[in-house]
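First to last, the sequence lines map onto chains C and Y. Residue numbering for the first sequence follows the numbering used here, beginning at 120 and increasing consecutively. Residue numbering for the second sequence follows the numbering used here, beginning at 120 and increasing consecutively.
Please keep in mind that the hints were generated in silico from the structure rather than gathered at the bench. Some hints could be false.
Claimed, not checked - Partial list, computed: chain Y residues near chain C (C-beta under 8 angstroms):
1) Gly143
2) Val224
3) Thr279
To be verified - Taking lysine-lysine pairs in the DSS-like style, the calculated list, with each CA pair at most 30 angstroms apart, reads:
4) C:Lys312 x C:Lys291
5) C:Lys267 x Y:Lys295
6) C:Lys325 x Y:Lys325
7) C:Lys121 x C:Lys312
8) Y:Lys267 x Y:Lys121
9) Y:Lys121 x Y:Lys295
In this text the structure is predicted, and so the values were computed from the model without any measurement. Just so it is clear, CB atoms sit at the ideal spot from N, CA and C, and this is done for glycine as well.
There are 2 protein chains.
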Amino acid sequence: MKGVVLLSGGIDSSTTLAVARDMGYDTFALTILYGQRHEREVRSARDIASSMGVVEHTTIQLPNDMFRSGSLTTDEEVPEVAGAEDNIPTTYVPARNLVFLSIAVGYAEVISADAVFIGVTSVDYSGYPDCRPEFIRSFQETSRLGTKRGIEGHPIRIITPLIDMSKEEIIKLGRKLGVDYSLTWSCYRGGEKACGRCDSCRHRLKGFERSGIEDPVEYEVVR
Amino acid sequence: MKGVVLLSGGIDSSTTLAVARDMGYDTFALTILYGQRHEREVRSARDIASSMGVVEHTTIQLPNDMFRSGSLTTDEEVPEVAGAEDNIPTTYVPARNLVFLSIAVGYAEVISADAVFIGVTSVDYSGYPDCRPEFIRSFQETSRLGTKRGIEGHPIRIITPLIDMSKEEIIKLGRKLGVDYSLTWSCYRGGEKACGRCDSCRHRLKGFERSGIEDPVEYEVVR
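Working from the sequences, and respecting the hints, build out all of it.
Right, here's the structure in full:
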């Protein structure tokens, strides 16, 4: 069995890769760049992919200005405080998971893979529309209808192993499956050390704290 | 009103651009390259876009080997005879319209466009799963669920003006709307003149013949 795993180099996608491997899939990691500031993540993706023994790690560069809207890809300041639950945060990137999943499905069809793994989670749901189960379900149906594999009765499965898990649970699971979290990167800012203050760092730190595991990554802010 | 138009440089997408303009949209043409052989089409897309007065023409290059599967992107011979109706032709490109529409929706959200136009047609349906109305409908719903715009009650519309039209009808419509078909390119092969023998040339020639309009493009084969 072959599985394509969308790998950003963060905790969720790295843990997802470990789950795919644990399920017996030969894993093909796919990292999609879209001019995000944190090129640091890409280094992490490469290190994680290699530490997890993927068959292949493919990196696709989309045009840098393609997603120029949210604060992740422009000069807008990354917010330090998490947005209210009913608002879509400024770190939203237009149609990102739609584009990522579509490219992953195309790649999966080319290499005859059976599944695409994506590490979305709707528990620590911070307002991204494209991380919700109803979006994933709908995408699964659309990709079935729009591919040769789907029409012929062998649709590519979209697997979201973390969808019902909290960050704490994800970290505990990954630890059990041998993920080396010192290689991962979560910070929205692009420095050498994680900032410890952005939305993503806060989520990560809270998750490690709750899991009782020490975060092996270095932070700018002394905590 | 702003509309993104997926523009390959062929008859269908060029006519779709004319329809969008005729509907009063400020048009933003989007050409997506995926290592197809017919780079000739790209020149056509540029010429068409400029002749139709688009606001902007954006070209996105996807990695050349991303869609390496069908005969359009590999060295496999392009078939000369159209496939049986119940088979998916070898010119099928994995998840192409899924990827194209997803990127177009992302781009539309970035520039605050209201609609994405795509020139698919299910009448001269040659077996591509991603040209069928059920795929388009499903995609529309998925993109609504996966975007900020959709969630906020202003989904980006996916408009397929040609979906119920034959090639003959498309050509007649485009002629009325001022499309200069001498600028378009349909041939699957990449020569200076169209081959006149491939599936796409045959479709095109039959369409012109039935419409009673002369095809202004030059062919290798004397007909």
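Evaluated hints:
1. Gly143: Status violated, d = 24 angstroms.
2. Val224: holds (5 angstroms)
3. Thr279: violated (13 angstroms)
4. C:Lys312 x C:Lys291: holds (23 angstroms)
5. C:Lys267 x Y:Lys295: violated (36 angstroms)
6. C:Lys325 x Y:Lys325: violated (65 angstroms)
7. C:Lys121 x C:Lys312: violated (35 angstroms)
8. Y:Lys267 x Y:Lys121: With a Cα-Cα distance of about 17 angstroms, the restraint between Y:Lys267 and Y:Lys121 holds, given a limit of 30 angstroms.
9. Y:Lys121 x Y:Lys295: holds (23 angstroms)
The structure is inconsistent with the numbered hints 1, 3, 5, 6, 7, although it conforms to all the rest.
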